[in-house]
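Chain by chain, the residues:
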Amino acid sequence: MLSRLADSLYWTGRYVERAENVARFIGVNLNLILDTPLNGHQQWQPLVVTTGDAQDFERRYGEPARDSVIQFLMFDADNPNSIYSSLQKARENARTMREVISSEMWEQLNSFYLMVQGMAHKPGAGLETLETFCRNVKMLSHLFSGVTDATLSHGEAWHFFNIGRLVERADKTARILDVKYFILLPKVEDVGTPYDDILWTALLKSASASEMYRKKHGRLQPVKVAEFLVLDREFPRSMRHCLIQAEQSLRALTGSAPGTYANLAEQRLGRLKSDLEYADIGGIIAAGLHEYLDAFEAKLNALGDALFTVYFLPQAPAAPGPDLAMERMDQ
Amino acid sequence: MNFENYQTDSYYDELFEIGGRPRTSAAPLIDRIKSMPAGDLTRQQKAAESEFLQMGITFTVYGNKDGTEKIFPFDIIPRIVPNPEWKVIERGLIQRIQALNLFIDDVYHDQLILSDRAVPKEVVASSFGFHEQCVGLNPGKRIWIHITGTDLVRDKDGRYYVLEDNLRCPSGVSYVLENRNVLKRTLPQAFQDMRVKPVDDYPHRLLDTLRYVAPVGADPPKVVVLTPGPYNSAYFEHAFLARQLGAQLVEGRDLAVVDGTVKMRTTKGLERVDVIYRRVDDDFIDPNAFRPDSTLGVPGLMEVYRKGRVTLANALGTGIADDKGIYAYVPHMIKYYLQQDPILPNVPTYVCWEDAQRRHVLDNLDKLVVKAVNQAGGYGMLVGPHSSKAEQERFASMIEANPRDYIAQPTLALSRVPVIVEDHFEGRHVDLRPYILYGREVYVMPGGLTRVALKKGSLVVNSSQGGGSKDTWVLDEPPMPGKKETN
Numbered sequence: 335m336l337s338r339l340a341d342s343l344y345w346t347g348r349y350v351e352r353a354e355n356v357a358r359f360i361g362v363n364l365n366l367i368l369d370t371p372l373n374g375h376q377q378w379q380p381l382v383v384t385t386g387d388a389q390d391f392e393r394r395y396g397e398p399a400r401d402s403v404i405q406f407l408m409f410d411a412d413n414p415n416s417i418y419s420s421l422q423k424a425r426e427n428a429r430t431m432r433e434v435i436s437s438e439m440w441e442q443l444n445s446f447y448l449m450v451q452g453m454a455h456k457p458g459a460g461l462e463t464l465e466t467f468c469r470n471v472k473m474l475s476h477l478f479s480g481v482t483d484a485t486l487s488h489g490e491a492w493h494f495f496n497i498g499r500l501v502e503r504a505d506k507t508a509r510i511l512d513v514k515y516f517i518l519l520p521k522v523e524d525v526g527t528p529y530d531d532i533l534w535t536a537l538l539k540s541a542s543a544s545e546m547y548r549k550k551h552g553r554l555q556p557v558k559v560a561e562f563l564v565l566d567r568e569f570p571r572s573m574r575h576c577l578i579q580a581e582q583s584l585r586a587l588t589g590s591a592p593g594t595y596a597n598l599a600e601q602r603l604g605r606l607k608s609d610l611e612y613a614d615i616g617g618i619i620a621a622g623l624h625e626y627l628d629a630f631e632a633k634l635n636a637l638g639d640a641l642f643t644v645y646f647l648p649q650a651p652a653a654p655g656p657d658l659a660m661e662r663m664d665q
Numbered sequence: 011m012n013f014e015n016y017q018t019d020s021y022y023d024e025l026f027e028i029g030g031r032p033r034t035s036a037a038p039l040i041d042r043i044k045s046m047p048a049g050d051l052t053r054q055q056k057a058a059e060s061e062f063l064q065m066g067i068t069f070t071v072y073g074n075k076d077g078t079e080k081i082f083p084f085d086i087i088p089r090i091v092p093n094p095e096w097k098v099i100e101r102g103l104i105q106r107i108q109a110l111n112l113f114i115d116d117v118y119h120d121q122l123i124l125s126d127r128a129v130p131k132e133v134v135a136s137s138f139g140f141h142e143q144c145v146g147l148n149p150g151k152r153i154w155i156h157i158t159g160t161d162l163v164r165d166k167d168g169r170y171y172v173l174e175d176n177l178r179c180p181s182g183v184s185y186v187l188e189n190r191n192v193l194k195r196t197l198p199q200a201f202q203d204m205r206v207k208p209v210d211d212y213p214h215r216l217l218d219t220l221r222y223v224a225p226v227g228a229d230p231p232k233v234v235v236l237t238p239g240p241y242n243s244a245y246f247e248h249a250f251l252a253r254q255l256g257a258q259l260v261e262g263r264d265l266a267v268v269d270g271t272v273k274m275r276t277t278k279g280l281e282r283v284d285v286i287y288r289r290v291d292d293d294f295i296d297p298n299a300f301r302p303d304s305t306l307g308v309p310g311l312m313e314v315y316r317k318g319r320v321t322l323a324n325a326l327g328t329g330i331a332d333d334k335g336i337y338a339y340v341p342h343m344i345k346y347y348l349q350q351d352p353i354l355p356n357v358p359t360y361v362c363w364e365d366a367q368r369r370h371v372l373d374n375l376d377k378l379v380v381k382a383v384n385q386a387g388g389y390g391m392l393v394g395p396h397s398s399k400a401e402q403e404r405f406a407s408m409i410e411a412n413p414r415d416y417i418a419q420p421t422l423a424l425s426r427v428p429v430i431v432e433d434h435f436e437g438r439h440v441d442l443r444p445y446i447l448y449g450r451e452v453y454v455m456p457g458g459l460t461r462v463a464l465k466k467g468s469l470v471v472n473s474s475q476g477g478g479s480k481d482t483w484v485l486d487e488p489p490m491p492g493k494k495e496t497n
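Those sequence lines, one after another, are chains A and B. In this note's numbering, each number is its position in the first sequence, counted from 1, plus 334. In this note's numbering, each number is its position in the second sequence, counted from 1, plus 10.
In short, the hints are calculated from the structure, not lab data. Ideal placement from N, C-alpha and C gives every residue a C-beta, glycine not left out. There may be inaccurate statements among the hints.
Stated by the list, open to error - In the DSBU-like style, the derived pairs of lysine-lysine whose C-alpha atoms are separated by at most 30 Å in a straight line are: (1) A:Lys550 with A:Lys539; (2) B:Lys80 with A:Lys633; (3) A:Lys456 with B:Lys80; (4) A:Lys558 with A:Lys607; (5) A:Lys607 with B:Lys465; (6) B:Lys166 with B:Lys465; (7) B:Lys399 with B:Lys166; (8) B:Lys465 with B:Lys278; (9) B:Lys44 with B:Lys151.
Said to hold, decoys possible - Computed footprint of chain B on chain A; a stretch qualifies when at least three of its residues, placed anywhere within it, have a C-beta under 8 Å from a C-beta of chain B: (10) 420 to 433; (11) 597 to 608.
So here's chain A without its partners, still in its complex pose:
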């Protein structure tokens, strides 16, 4: 398969997943505001931190407020990580590989994009519309995922798409946990009050994890929440689960046996996954959850670099410098 197409598939997976996560963060937040006395800045600032765009936001919009954050994260064409930009790039990528993906994938992604584009050109939408929009983005992303799984052969193309989708999901789960955990934790006075439950539930919902968490652990406990999102083996949005699945796709590309690696990307992903497999949440929290998550994101970026050099720009006459690879990660 052409390296360019592998790159496009990987990023299509990431962009659509990114749009879905941003929609989920916003949707949960819109809901949360109705139940808590917190307002303005306190509620919306974490969102731009979660997506990693706080600096760009402050430069262009100033103090975070509901409308500006929503505009920035949903529809701002100049924010490369907005829902609109993500869908636009995913669609452009898909357009360059129509002969690789299935027609169903193209048609689904195309109408997904047209829905988002239609909303982006209707500013000043009310609360009801925004909530519906968030729900639609999530559902259309699930639909795209499902259409892809059901219509694209699970060969090389699908594996690159799948790796992109899972890397993005692991990254977003890590970020939402990192940002929210510390906002929630110090509020000792709230412990045991309805707020406590509402806020922790909101965090779980931001990763669609609320119901699955309760099935497994019942009561809300901060440590258990962290454990669930980082280490749960079965929950599809936990960091560990994402890496287990991503590793299977990565191995399928070369056919290398478990416990061995054929290239830098496999080595990096294998290490990172093993790290999660043998970790325990007590140790992680003792050493610092924030530090742990920070390091995780850095290692995920390093995996992206390795994918780039191994698959997306192989044996080019001029070897890519590390800067080029890092820049690519910000896409």
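Given the structure of chain A, go ahead and fit chain B onto it with the hints provided.
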């Protein structure tokens, strides 16, 4: 729907004789259409259009940042070409392609035709299409023009003329194949009864052609389609053909010259490429050899090509014969290389660098069509009968200043075909672009793209200016005897 009020006016109509009687070849089709329930045809037409949009059979509208794509408008009534008429076209095109190929090969080698003065040396030397870089090139099997899309027009007298040769990267063949798919579903009975010649084997024949000219030793040769990318207006076609050929669709950045061969970057490393069906113009194909600012090409490709280690289709340098000034001499080429009279005539052409002809052109600017030699698609043109005095004066001074840049032709009354206009039929002007492949032999696709000027009275068939397309039915034999006569 019926043709009761249909007017051929004073034009040659492809389906009707003067007086409104269907031509014998078209009678079964007209019968079939008349017998269809009212509204059926328009419904079918709408269904076809929405299918084109769904399938993404579109061209890109330049300058639209949302990446809007439009369908190429399509009219469901086919154009009919009777078999005897087609045989002449086919022979004429084969003759013309052979002569043009010999001419291009000659121009980049010994230039015998120039020393024998059958074509003036200075006209070639001054052509925008002559590339110094291509002198001495030896494309495989000495074939330069593997794929041609010749534009034919028919005048009031019913004669076919060659309007343009299009020897570089002619586009549109994907519409022919898709239009045919739709028509086979819409008018299956008429299609079968009339014995329409198939066009569906075109991709297969194209692949054979490309493999035939592969570098020696490449077995099986690796064929790719090179596109400028998704922003090119013909991107759909590039992707379509790649799919049909089973070839990889690549952009310039997917290819690199490594160790004297062309390689493509894949997830499994670098893979050798033998034949490139390129839809990128000469000027952009290699920044080292042609335009240094091109980002669409492959640096170093020209050197590999010169050594015969990769095949490009079409060859580099074929644009020389797309110069309208060179076009004027194609009849001379046919006589010179083949010792034959041209079967298909050129449109009579006045070249402005010959004094007597220039004087004639300047005296008749209000009647002639003046064209810049290096432009196509209806640009850089003066249509005399529709022009103002000021425009004529502007062209007069441009011709005086740069006579080599202009030719002139009489204004043709292009033939017409009925199209659906709301609930009735009206005649619209058409041209015809058959596709020709030059491999083991010269193959002319039976049919081609009939482009139609959908605007009433318009003579411009280009898609950028309100043109659409129709399917072209070349009949295998005259309608079988015993069929009901229409009257």
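Hint-by-hint comparison with the structure:
no., hint, in the structure
1, A:Lys550 with A:Lys539, "15 Å, holds"
2, B:Lys80 with A:Lys633, "44 Å, violated"
3, A:Lys456 with B:Lys80, "24 Å, holds"
4, A:Lys558 with A:Lys607, "20 Å, holds"
5, A:Lys607 with B:Lys465, "64 Å, violated"
6, B:Lys166 with B:Lys465, "19 Å, holds"
7, B:Lys399 with B:Lys166, "27 Å, holds"
8, B:Lys465 with B:Lys278, "52 Å, violated"
9, B:Lys44 with B:Lys151, "51 Å, violated"
10, 420 to 433, "holds (count 6)"
11, 597 to 608, "violated (count 0)"
Against the hints set out earlier in the document, violations occur for numbers 2, 5, 8, 9, 11.
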